[in-house]
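Each chain, written out:
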Amino acid sequence: MTGNARVLTGQHFLMGDVACAEGGLAAGCDFFAGYPITPSTEIAERLSRRLPEVGGVFTQMEDEIASMAAIIGASMAGARAMTATSGPGFSLMMENIGLAVMMEAPCVVVDVQRGSPSTGLPTLAGQADVMQAKWGSHGDYEIVAYAPSSPQESFDLVIKAFNTADRYRIPVFVMADEVIGHTAERVTIPPADQIPRVQRKRPRYAPGDESFLPFRAEDEDLVPPMVHAGEGYRVNVDSLTHDEKGYPATFAEPHDRLVRRLAAKIRQNAHQIIEYEELLLDDAQVVVVAYGCTARSARRAVALARQEGIRAGLLRLITLWPFAGQKVWELSSQAAAFVVPELNLGQMITQVERFTSHPVVGVNHAGGAIMPPEPILDAIREVVM
Amino acid sequence: MAEIAVASHPIDAVLRRDRLPHIWCPGCGIGAVMACYARAILESGIPLDKHICVSGIGCSARVPGYMNLDTYHTTHGRAIPFATGLKLVNPELQVTVFSGDGDLFAIGGNHFIHAARRNIDINVFCVNNFNYGMTGGQAGPTTPMGSFTTTTPYGNVEPPFNLAALAAACGAVFVARWTALHVRQAQEAMQRAMQKKGFAFVEIVAPCPVSFGKSNDIGEGVDEMWMYRKQCVVNDDADVTKIDVTMGKEAELVVGNFLDIERPAYMGYGKEVLGEA
Ligand SMILES: Cc1ncc(C[n+]2csc(CCOP(=O)(O)OP(=O)(O)O)c2C)c(N)n1
Ligand code: SF4
Ligand SMILES: [Mg+2]
Numbered sequence: 001m002t003g004n005a006r007v008l009t010g011q012h013f014l015m016g017d018v019a020c021a022e023g024g025l026a027a028g029c030d031f032f033a034g035y036p037i038t039p040s041t042e043i044a045e046r047l048s049r050r051l052p053e054v055g056g057v058f059t060q061m062e063d064e065i066a067s068m069a070a071i072i073g074a075s076m077a078g079a080r081a082m083t084a085t086s087g088p089g090f091s092l093m094m095e096n097i098g099l100a101v102m103m104e105a106p107c108v109v110v111d112v113q114r115g116s117p118s119t120g121l122p123t124l125a126g127q128a129d130v131m132q133a134k135w136g137s138h139g140d141y142e143i144v145a146y147a148p149s150s151p152q153e154s155f156d157l158v159i160k161a162f163n164t165a166d167r168y169r170i171p172v173f174v175m176a177d178e179v180i181g182h183t184a185e186r187v188t189i190p191p192a193d194q195i196p197r198v199q200r201k202r203p204r205y206a207p208g209d210e211s212f213l214p215f216r217a218e219d220e221d222l223v224p225p226m227v228h229a230g231e232g233y234r235v236n237v238d239s240l241t242h243d244e245k246g247y248p249a250t251f252a253e254p255h256d257r258l259v260r261r262l263a264a265k266i267r268q269n270a271h272q273i274i275e276y277e278e279l280l281l282d283d284a285q286v287v288v289v290a291y292g293c294t295a296r297s298a299r300r301a302v303a304l305a306r307q308e309g310i311r312a313g314l315l316r317l318i319t320l321w322p323f324a325g326q327k328v329w330e331l332s333s334q335a336a337a338f339v340v341p342e343l344n345l346g347q348m349i350t351q352v353e354r355f356t357s358h359p360v361v362g363v364n365h366a367g368g369a370i371m372p373p374e375p376i377l378d379a380i381r382e383v384v385m
Numbered sequence: 001m002a003e004i005a006v007a008s009h010p011i012d013a014v015l016r017r018d019r020l021p022h023i024w025c026p027g028c029g030i031g032a033v034m035a036c037y038a039r040a041i042l043e044s045g046i047p048l049d050k051h052i053c054v055s056g057i058g059c060s061a062r063v064p065g066y067m068n069l070d071t072y073h074t075t076h077g078r079a080i081p082f083a084t085g086l087k088l089v090n091p092e093l094q095v096t097v098f099s100g101d102g103d104l105f106a107i108g109g110n111h112f113i114h115a116a117r118r119n120i121d122i123n124v125f126c127v128n129n130f131n132y133g134m135t136g137g138q139a140g141p142t143t144p145m146g147s148f149t150t151t152t153p154y155g156n157v158e159p160p161f162n163l164a165a166l167a168a169a170c171g172a173v174f175v176a177r178w179t180a181l182h183v184r185q186a187q188e189a190m191q192r193a194m195q196k197k198g199f200a201f202v203e204i205v206a207p208c209p210v211s212f213g214k215s216n217d218i219g220e221g222v223d224e225m226w227m228y229r230k231q232c233v234v235n236d237d238a239d240v241t242k243i244d245v246t247m248g249k250e251a252e253l254v255v256g257n258f259l260d261i262e263r264p265a266y267m268g269y270g271k272e273v274l275g276e277a
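These protein sequence lines are chains A and B, in that order.
Under the numbering used here, the very last position in the first sequence is 385; numbers go up by exactly one each time.
Under the numbering used here, the very last position in the second sequence is 277; numbers go up by exactly one each time.
To be clear, the hints were calculated from the coordinates, so they are not data collected in a lab.
Please note that the accuracy of each hint is not assured.
As the list claims (entries may be wrong) - Now the stretches of chain A that chain B is said to cover, found in silico as 3 or more residues with beta-carbon under 8 Å:
1. 35 to 42
2. 49 to 59
3. 232 to 246
What the hints assert, rightly or not - The list that follows gives simulated cross-link-like pairs (lysine to aspartate or glutamate, DMTMM-like), each with its CA atoms no further than 20 Å apart:
4. 50(B) / 231(A)
5. 271(B) / 45(A)
6. 271(B) / 53(A)
7. 230(B) / 217(B)
All of these numbers come straight from a predicted model, not from anything done at the bench.
Heads up, the beta-carbon is just placed ideally off N, CA and C, and yes, glycines get one too.
So that you can see chain B by itself, here it is in the shape it has in the complex:
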């Protein structure tokens, strides 16, 4: 079989090539989302040396390890407060938290809501694959009702978070939801997040065929991509409170850039609070 040899790739500059191949399973959506982030960085106009990527723990949280930036792989759920300290000390840095749904909204949920409330100037990019992929597919705070996971063998009876509504309610200045299929739109949303001064949140729905798709009659990664293609509805003006993600066979999956507002960003209590010029 002929080898496919590619000498270079447009996003090479943003990747630690010596760390490839990555650890993700075949059909996993995280790689596609990482590529969106890489392109957003290249297009951001901000020097690579000023981009910082912080994550918690999980499959999605392995992304910073592959990015050729200053990267911090912290503890489960604590990427946001870590990033907060880093950003407050050096406000010139473009700080992105890249992590999973369980990391950011279960164990790290309290940090998320307070960071959004304060409007700390960071980006939070969340790969929502509806489960704890890394630990073998347990239910988490975004698992749709009725889903089968390794800890919901009888079907999930807990209602999940609507992450977009949560972020908006807590005070984020930018809220978007895309899928691993919408690579162009997701990239642009990430770029917009980087431009925003304040707490910017982008949810990217992505397949985890190994731990979620197969046990929930969705199938392989590519089948889930087809599902997005058929069921996604782009609506920037959607009422965020009414766009729960159910992953139902016929249900609409509403995506878009739902919120883009201005609000003073939190800088901590530094010399600015003294009111001197």
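Here chain A stands alone, though its shape is the one from the complex:
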């Protein structure tokens, strides 16, 4: 099923990967560069058919290093650009993810996680790239990462990812997983005029105006306006530490200033970025913190616990990064314990532990299948005993 419209308004039955692709299109994605990898390939395949229909450009690159470089170049030329991959490709993208941070190039990277490390489980789910999403490239930086837990949310969060990327001039990750990517469910695509669109902040100066400093953050949000290639501003955009003019400034002082600003533009706006869903948290004694496909099992486990009279609730993370630490801290005043199920050996649990002094119990599996509700329910029972 395809059509010529950019936004396929209506009800559809789509798998998560296809929903990611349609979310990108609805968000106005003009450019996709990628390299095939299971379980993300359907995103590239869908866009190879759809982008030409809507006036965008699709290109398959020689590897994920090139794909990431290409979307940054495309972003600098004014495009809404995205790529999609899975763990092995995500690893290859890391150096240029740092480049996107340094150049402040808005772009979207979808990682449909599979069992890892290395080639791992190409066709089966994992959630073990979530720390890599935060820390994978060298250096200090902040990113935004969303975790969809349904095809509908895959669609919605890719749109949100583009808006967040343009709002803060950062690479934004959509950390899906194989279960979500390959699950088909109903996806409602709204009318085109109801798709939210954040515009990039653009320079207030005309080309040639000497007072324009392209990397000066004039506003409180610390985000400098963005110049696109070929507009006449003749800007230097550098991977080296640079000053407000964009010129290399490879000294301690400008370095500290730049790196702090890049981190601060996310840290100080985190409250506007962080999202989560709350289920039965009002009176919860036990809070399950979950995301992605595991949140679906956690929802069931919480329902089963309630049937047994245990006051359990679910904090479903929609943004993994920035982490909803404040919310965990608030819940700590009422709940007695936390349960964190993940398809990894304990990654986001380290963040939960930072914000509570109550017991935090991990329910872990290295990946390969969606986690059933039972081990999560067992952990809930265990912590209330």
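Fit chain B with the ligands to the given chain A structure using the hints.
Chain B with the ligands in isolation, oriented as in the chain A frame:
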């Protein structure tokens, strides 16, 4: 001593004068090659605002930082795919990748061969100084056999690439090799590259006295220029597969515009592929 004061220079318009002096060592050939590029831009007839310069990392890759254009100093080896994304989104731009031999042919070699194969419409200008200048003179993919570098203290035993042959074999539509001595010819080759629709490659052999010349009995930059003068043979019709650069004391260094052909340029998969007018 009297100061030599020059109020303006013909290529000023293309340079960021507020960034000068540049970082290169005395006798380095990169500045001469940058001047060729600057003059080629002025002569190209294309507005400066439409010229884009992208580089990787290295001494040669510092050139865009001095050019008064939209310039992008990216990661080591990745200038070509970065430029690919930029060009596919805005095909009106005249996109040049300006970088070094190590950047383009070691870490970035895979991107080079695929960009040439696709025939993406960009120019790639490579300063070939036979080593990794920026990191202190290590051997790289163009280091001649037998050469001494900081990682080949016993002499290089790896055969180098013949860049012209590589580019031609991979599908470039324009292939030239000149040296930092051949400033006029190098400039004209760059202008021709800008006119070509497709992947155009110009190699410019240049001295790196600090990290290559001195340790290989070539001497200072000017000595290497003399070497080019004595040993270069201009032959546009040369068989590119037979023109390896050995930098031997008596060896010919064949230069010229070796290839100039037409082939459909790669535009990515956009609305053109739907076959509608
Ligand atoms: C991923 C990565 N590896 C290594 C380096 C270190 N490095 C910087 S420049 C360079 C070599 C540059 O050589 P070349 O392209 O020939 O440029 P030249 O300095 O000779 O002009 C290397 C290895 C780096 N910056 N990034
Ligand atoms: S190290 Fe070599 S290439 Fe680099 S600036 Fe010095 S002379 Fe030039
Ligand atoms: Mg070199």
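Results of checking the hints against the structure:
Here the segment 35 to 42 of chain A counts 0 residues with a CB under 8 Å from a CB of chain B, which misses the bar of 3, and the coverage is violated. Note: the segment 49 to 59 of chain A has 8 residues with beta-carbon separation from chain B under 8 Å; the three-residue rule is met and the coverage holds. Beta-carbon proximity to chain B at under 8 Å applies to 9 residues in the segment 232 to 246 of chain A; the threshold of 3 is reached and the given coverage holds. About 8 Å separates the Cα atoms of residue 50(B) and residue 231(A), which keeps this hinted pair within 20 Å; it holds.
For the suggested pair residue 271(B) and residue 45(A), the alpha carbons sit about 16 Å apart, so the restraint of at most 20 Å is met. Straight-line distance between C-alpha atoms of residue 271(B) and residue 53(A) comes to about 6 Å, which keeps the hinted pair within the 20 Å bound. For the proposed pair residue 230(B) and residue 217(B), the alpha carbon gap of about 16 Å is at most 20 Å, so the pair holds.
In the structure shown, a violation is registered for the earlier hint numbered 1 alone.
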